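Note that the protein sequences, when read in sequence, are chains B and A. Here the first sequence is numbered in the numbering used here, starting from 155 and rising by one per residue. Here the second sequence is numbered in the numbering used here, starting from 36 and rising by one per residue.
Everything labelled a hint here was simulated from the structure, so no lab data went into it. Careful: at least some of the hints might be erroneous.
[What the hints assert, rightly or not] Okay, the calculated beta carbon distance ranges per label pair:
hint : chain 1 : residue 1 : chain 2 : residue 2 : range
1    : B       : 498       : A       : 168       : 44 to 52 Å
2    : B       : 604       : A       : 132       : 42 to 50 Å
3    : A       : 185       : B       : 533       : 42 to 50 Å
4    : A       : 142       : B       : 442       : 21 to 29 Å
5    : A       : 179       : B       : 614       : 55 to 63 Å
6    : B       : 288       : A       : 83        : 52 to 60 Å
This one's a predicted model, so the numbers in the text were calculated from it and none came from an experiment. For glycine and all other residues, C-beta sits at the position ideal for the given N, C-alpha and C.
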Amino acid sequence: VSELFVALTPANLLACFVGTVLGTIVGVLPGLGPAGAMALVLPLTIKLGPTAGLIMLAGIYYGAMYGGSTTSILVNVPGEAASVVTTIDGYRLARKGRAGAALAIAAIASFFAGTVSVIALQVAAPLVARAALAFGPAEYFAFALLGLLLLANLTGGSRAKSLAMVLVGVMLSTVGMDPLGGTVRFTFDLAGAQGGLSFVAVTTGLFGVAEVLASMTEPAAATPVARVKFRELYPSREELRRSFPPMLRGTVLGFLVGLVPGPAATIASFVSYGIEKKVSRYRRELGTGAIEGVAGPEAANNAAAGGGMIPLLSLGLPFTPSTAVLLSGMLLMGVTPGPFLLRDHPGVFWGVIGSFYVGNVMLLLLNLPLVGVFARVATIPPRYLMPGVLVLCAVAAYSDNNNVFDVWVMIAAGIAGWAMRALDFSPAPLVLGLVLGPVLERSLLQALTIARGEIGGLWASGPAAVMLAAALGALVAPGLTALLRRTATQRA
Amino acid sequence: VSRDRWSAAGLALLAIVYLVIARRYPLDTLATPGPGVMPLIAGVALFATAISIFIVAITARPARDAGGLSETGAAPTRPIESSRALSSPLVLAAALVLYAALLPRLGFIASSFALVVLGSRLMGARGWWRPVALALGVTVAAHLLFARWLGVPLP
């Protein structure tokens with residue numbers, strides 16, 4: 155475990171610092187989310203090498219979770235999806251003059267949950283990886299399928315629309331060389347498409363360019379940001395005491411939700427708020443500016459970010475857009491996440507985990523004193539910020555293969571993503587379909603070959619059968635319950 | 036919800052076009068599945084999903100669309116009110132297409148400069164001073180960081 159200290163070399167500490175600062179800024183800015191930002195800096199991180207590069211990417215991922223809460227509390231504008239709930243009580247606390255305390259509690263809850271979930275990750279990931287060594291193609295197929303279907307159920311909004319986006323992603327993933335035979339598909343004789351559509355180009359388009367286009371139709375929010383003095387950051391003893399139980403509940407809950415595919419951090423924060431409304435001793439005060447409404451959800455979303463790393467690090471399967479970008483970063487750096495990561499690249503594995511500890515401490519130290527500075531960033535008018543984002547998107551897409559074709563892909567994805575938003579389609583399932591499509595295809599074809607064409611070979615093993623049954627349930631159950639509910643209301 | 040009908044029809048059309056092109060790739064046998072298998076599954080599944088979205092869209096009662104929390108948290112979509120609200124993103128989208136076309140001819144610095152100036156004007160920046168200064172700063176910084184330091188061979 156001495157490899158944990160890899161994170162403490164000066165270069166890696168610097169990478170962690172830059173990553174957490176960038177992540178906090180991204181979290182503070184509404185619009186650009188962690189996945190888009192991580193895709194933007196991919197070219198930069200590749201230059202840094204696997205360990206430092208991944209540490210920087212992970213820093214952005216964690217930093218965004220911290221930063222998102224700052225504007226929720228101060229301006230009532232959530233910086234990203236996982237801190238939407240924090241606006242409910244956080245902003246009301248700020249109106250009561252307890253902004254400093256709410257920010258401090260949010261930072262402390264994030265730190266606590268982040269650290270606990272990293273400890274759990276450190277223990278669980280190698281165990282899962284060891285279990286996954288027994289996974290064959292049939293199990294991988296079943297797991298990836300289950301993940302995508304759960305994702306479609308949990309993304310929010312229309313289930314069928316999410317599923318459609320997953321499928322469009324899978325379809326886009328079939329562009330280029332097929333994973334087994336090497337047949338070139340759907341390229342229309344475009345040389346740039348032979349290697350498949352660039353994941354970086356699609357992600358920067360869907361999460362970067364599309365955000366810029368969408369921001370143009372939204373009225374600019376010109377809310378003055380309250381100044382928070384350093385002295386006001388101390389929460390009272392009463393507030394600290396009341397925060398601890400929700401923090402603990404949020405951490406456990408968030409970590410467990412993080413293991414499930416889907417926008418785990420967002421769901422975890424909503425569920426945590428719901429639980430506090432039921433069990434908290436101060437549940438009556440929730441909604442009027444109760445500190446529990448900040449402590450619980452903020453702990454939950456950070457713990458979920460840690461839990462979400464387990465399927466990525468131990469199985470090589472990402473289930474959130476951010477971890478999908480991490481995966482593509484790893485692949486670009488020649489590191490294949492999955493059961494063999496720990497054996498083949500122990501330095502990378504432990505270095506990244508070590509950086510989570512360091513990153514959490516850095517974020518706490520950064521966020522408490524600099525909270526006012528970060529809140530200022532949120533007030534930069536989009537007309538000065540967004541054009542720069544466009545150029546960065548173009549550079550990131552281009553540098554993936556040093557190819558203008560990828561810039562075209564990015565622009566197409568951006569315009570499509572803007573239209574998708576207008577029509578209530580979420581881009582996240584599409585990105586995950588794109589990433590997991592080749593996994594699905596390769597494992598399905600391999601499993602069929604191994605079983606000599608017997609379709610039953612797909613569910614011959616116990617784990618595969620259980621996962622496929624669960625996948626079927628995920629596909630059918632929501633429709634059934636909706637049908638039952640409809641007949642029930644018709645009868646009533 | 037009438038928008039859902041159109042998007043479902045669009046998705047169904049996409050699935051059909053995709054399936055027609057996918058017929059070029061052989062399915063082979065179940066024991067030695069070919070490159071056409073996955074596209075067939077994905078295309079048929081998308082078609083079925085599009086049909087189900089369409090059916091929901093034509094049977095849904097208007098009351099059921101109201102309310103509901105957007106859990107994805109992506110910027111809540113508002114109906115696009117006026118043609119004016121739509122025009123500036125469309126102009127920017129066109130500018131982006133032009134940008135990709137000009138990138139190999141004018142090079143990174145010149146085309147990005149133009150994009151930033153135009154973009155910030157479209158987003159409501161007034162005057163020319165600030166957009167030009169911003170564009171100069173962004174393109175030179177990006178050039179130094181990526182082309183010089185990171186060695187990305189920008190056009």
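Hint check:
no. : hint                        : result
1   : B/498 <-> A/168: 44 to 52 Å : 49 Å, holds
2   : B/604 <-> A/132: 42 to 50 Å : 46 Å, holds
3   : A/185 <-> B/533: 42 to 50 Å : 31 Å, violated
4   : A/142 <-> B/442: 21 to 29 Å : 58 Å, violated
5   : A/179 <-> B/614: 55 to 63 Å : 58 Å, holds
6   : B/288 <-> A/83: 52 to 60 Å  : 34 Å, violated
In summary, the structure is inconsistent with hints 3, 4, 6 from the numbered list given earlier, while agreeing with the others.
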